[in-house]
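Chains B and X, in that order, are what the protein sequence lines are. Our numbering puts the first residue of the first sequence at 1, with every later residue one more than the last. Our numbering puts the first residue of the second sequence at 1001, with every later residue one more than the last.
Don't read these hints as lab results, they were simulated from the structure. Any given hint might turn out to be false.
Listed next, the in silico DSS-like pairs over lysine-lysine satisfying Cα-Cα at most 25 Å (straight line) [what the hints assert, rightly or not]:
1. 1109(X) to 217(B)
2. 217(B) to 123(B)
3. 1129(X) to 217(B)
4. 1109(X) to 1209(X)
5. 1153(X) to 1109(X)
6. 1157(X) to 1109(X)
7. 1093(X) to 1129(X)
8. 1157(X) to 1131(X)
9. 217(B) to 1157(X)
10. 1244(X) to 1265(X)
11. 1209(X) to 1244(X)
12. 1131(X) to 217(B)
13. 1157(X) to 1129(X)
14. 217(B) to 1115(X)
15. 1157(X) to 1115(X)
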Amino acid sequence: MSTTTRTDRPSVVLVAQSSRWGEKLIQFWLGFCAIASVIITVGIVLALFSPLPEFFSRVDFREFFSTDTWAPALATPSFGVWNIVVGTLNVTMYALIVALPAGLGAAIYLSEFAGRRARKVLKPILEVLEGVPTVAYGIFAFTFVTPLLRDNWPTWLPGDLGDPPGIFSAGAAGIVLGIMIIPTVASIAEDSMSAVPRSLREGAYGLGSTRMQVATKVVVPAALSGIVAGFVLGVSRAIGETMVVLLAAGASPNMTLMPNESVLPMTAFIGRTATGDISAGTDVYFTIFAVGALLFTMTFVMNMISIALVRRFREKYE
Amino acid sequence: MTSQTSTDAFTDTRGHVPPVMATRGLNVYYGDFHAVDDVNLDFNRREVTALIGPSGCGKSTVLRSLNRMNDLIPSARIEGEVTYHGQNIYQPKIDPIEVRRRIGMVFQKPNPFPKSIFDNVAYGPRVTKMKVDSMSDLVEQSLRRAALWDEVKDNLKGSAFGLSGGQQQRLCIARAIATSPDVILLDEPCSALDPIATAAIEDLMTDLKQEYTQIIVTHNMQQAARISDTTAFFTAGLDQDNGKRIGRLVEYNDTSTIFNNPAEKSTEDYVSGRFG
Ligand SMILES: Nc1ncnc2c1ncn2[C@@H]1O[C@H](COP(=O)(O)OP(=O)(O)O)[C@@H](O)[C@H]1O
Ligand SMILES: [Mg+2]
Chain B
1 MSTTTRTDRP SVVLVAQSSR WGEKLIQFWL GFCAIASVII TVGIVLALFS
51 PLPEFFSRVD FREFFSTDTW APALATPSFG VWNIVVGTLN VTMYALIVAL
101 PAGLGAAIYL SEFAGRRARK VLKPILEVLE GVPTVAYGIF AFTFVTPLLR
151 DNWPTWLPGD LGDPPGIFSA GAAGIVLGIM IIPTVASIAE DSMSAVPRSL
201 REGAYGLGST RMQVATKVVV PAALSGIVAG FVLGVSRAIG ETMVVLLAAG
251 ASPNMTLMPN ESVLPMTAFI GRTATGDISA GTDVYFTIFA VGALLFTMTF
301 VMNMISIALV RRFREKYE
Chain X
1001 MTSQTSTDAF TDTRGHVPPV MATRGLNVYY GDFHAVDDVN LDFNRREVTA
1051 LIGPSGCGKS TVLRSLNRMN DLIPSARIEG EVTYHGQNIY QPKIDPIEVR
1101 RRIGMVFQKP NPFPKSIFDN VAYGPRVTKM KVDSMSDLVE QSLRRAALWD
1151 EVKDNLKGSA FGLSGGQQQR LCIARAIATS PDVILLDEPC SALDPIATAA
1201 IEDLMTDLKQ EYTQIIVTHN MQQAARISDT TAFFTAGLDQ DNGKRIGRLV
1251 EYNDTSTIFN NPAEKSTEDY VSGRFG
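One chain only, chain B, in its complex shape (with noise of 0.2 Å):
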């Protein structure tokens, strides 16, 4: 053993050997973009907003949220904002009545039931079909899925049910909305349903369940708020479109919930409205503003609702 003293060793460097600038201007980029995506938000939303007092300074609090009739663009115009909403709430609708069944569905044969090769394949085909645009299955519906409802309609059905819809349908635009958000719906029920832990599944196979009841016993009920999560994103997606509606619901504001007629949901209000020729400060230019910051509302609340719930499964497998 040499005897060295203190002195004799190689001094062991601590300060940095460099500023490192690139790195620093790099964590700067960074913030900067997340401030910025934040602030962006929050400008989109006051502009959104901000327009609302003068709306209601023009147009009675209590008129807008009635049932009279919606025809802001009259000479004598009237505003009862439920025949859009109810609009919007049909097509949603008839959207669920497709993509519940059809998104639990893949998403339990995708959790559960395919093997490692299927859902090698079919998981990433989902994905893809998330980002397929929208104006894509506008077309889709107005070419495909309308034709079909009114050479095929269940004539026999009783009333007002029996006529067959004509070139714009509440129930042709929520088939097709529906079909669009399975993706959705399918994909966040899956991840909910693959972080159910094995050992419950071994369990439940451990007692003589069949794959069935596991599945259905076991793992949904275990993963439900995940899948309601699902659910309500899509919802809110099937809210918000506007491609699809715009093309396939019409622009007869009906307050029905029958998928025979045409309805004006609130997207298509916007987008017929705002591509029209309108001018800005009439009471149809701050009636844009206001339906627009009840649709932000609504599908606000639900994502809410549903990272509420997504947060509520994490916390109780972690």
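Chain X with the ligands: place on chain B using the hints.
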């Protein structure tokens, strides 16, 4: 109990009445990996058999092959035979669901379902569509036999997640008992529990001997010595073909023989704590 007219060709290696379960030439592979090599064991009626040995020697693998739980692992493959009352449970015509109804399993970590205590116990009878006169009687009976009734009887609707680890494990045993299995497999059921909860499970297993054949994997030598009638000692040796680790059965005998007078040096080293 009915006497068994076993038609199985095996003779019990230890001179008992025909065993409830047996393995002959059991080999298990995970893909290319040969995990356990040529295991021959007999499990006698209403006895506790302990499977002991160092980590990774294939105890869980052997245990899981006894009720076809390995079917759930895509890469797992079995060679040889596992018989239950003389029938090879790996024959193509055998339904693994039926096998698992008769050969229940309790896992290392308590895994109650996120349901009420009552629904956890009632789960097995419900999915297997057992004919029961009164589900609540069956639940009570199962919880009593699992020595949990007094602690939960006022809270049957409460979530199973609200119980302590030891209570959850006894709930899992109650859940397994509720389907009236014949054999219960337990994979280190006490390894996540404190000594008091462990003692409760051990007492319970001793009680359950009156009705069930039990096979337990344990890391705890004292536990094996206390509760088991027979003990199988496994170890991981080197595969002569490829030099990889492979699980082997070293010695299988009455527990007292394994602990006091083992035939193999490695068994003696292990049970006396000089190994593993
Ligand atoms: N699902 C699996 N896939 C691949 N290898 C596995 C799997 N399960 C266990 N093994 C391997 O098989 C061997 C035996 O494992 P195991 O039966 O769990 O041992 P023990 O229960 O005695 O600790 C180990 O080498 C382990 O890595
Ligand atoms: Mg193990």
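Comparing the hints with the structure gives:
1. For the hint linking residue 1109(X) to residue 217(B), the alpha-carbon distance of about 21 Å falls within 25 Å, and the restraint holds.
2. A threshold of 25 Å between alpha carbons decides the hint, and for residue 217(B) with residue 123(B) the separation of about 24 Å falls inside it, so the pair holds.
3. For the proposed pair residue 1129(X) and residue 217(B), the alpha carbon gap of about 14 Å is at most 25 Å, so the pair holds.
4. For the hint linking residue 1109(X) to residue 1209(X), the alpha-carbon distance of about 22 Å falls within 25 Å, and the restraint holds.
5. Using a Cα cut-off of 25 Å, the hinted pair residue 1153(X) and residue 1109(X) holds, with the two alpha carbons roughly 23 Å apart.
6. Note on residue 1157(X) and residue 1109(X): the hinted pairing holds, with a Cα-Cα distance of about 22 Å set against a maximum of 25 Å.
7. With a C-alpha separation of about 21 Å, the suggested pairing of residue 1093(X) with residue 1129(X) holds against the 25 Å cut-off.
8. Proximity of residue 1157(X) to residue 1131(X) is assessed by CA-CA distance (about 22 Å); at most 25 Å being required, the pair is judged to hold.
9. A distance of roughly 17 Å separates the Cα atoms of residue 217(B) and residue 1157(X); the hinted pair therefore holds under the 25 Å criterion.
10. As the CA atoms of residue 1244(X) and residue 1265(X) are separated by approximately 22 Å, the hinted pair is consistent with the 25 Å bound.
11. About 38 Å separates the Cα atoms of residue 1209(X) and residue 1244(X), which puts this hinted pair outside 25 Å; it is violated.
12. Taken as a hint, the residue 1131(X) and residue 217(B) pair is honoured in the structure, with Cα atoms around 19 Å apart against an allowance of 25 Å.
13. Annotation: proposed proximity of residue 1157(X) to residue 1129(X) holds, straight-line Cα distance about 22 Å (limit 25 Å).
14. Between the alpha carbons of residue 217(B) and residue 1115(X) the distance comes to roughly 10 Å, so the proposed pair stays at or under 25 Å and holds.
15. Between residue 1157(X) and residue 1115(X), the direct Cα distance comes to roughly 9 Å. Compliance with the 25 Å bound is thereby established for this hinted pair.
Hint 11 from the list above is the single one not met by this structure.
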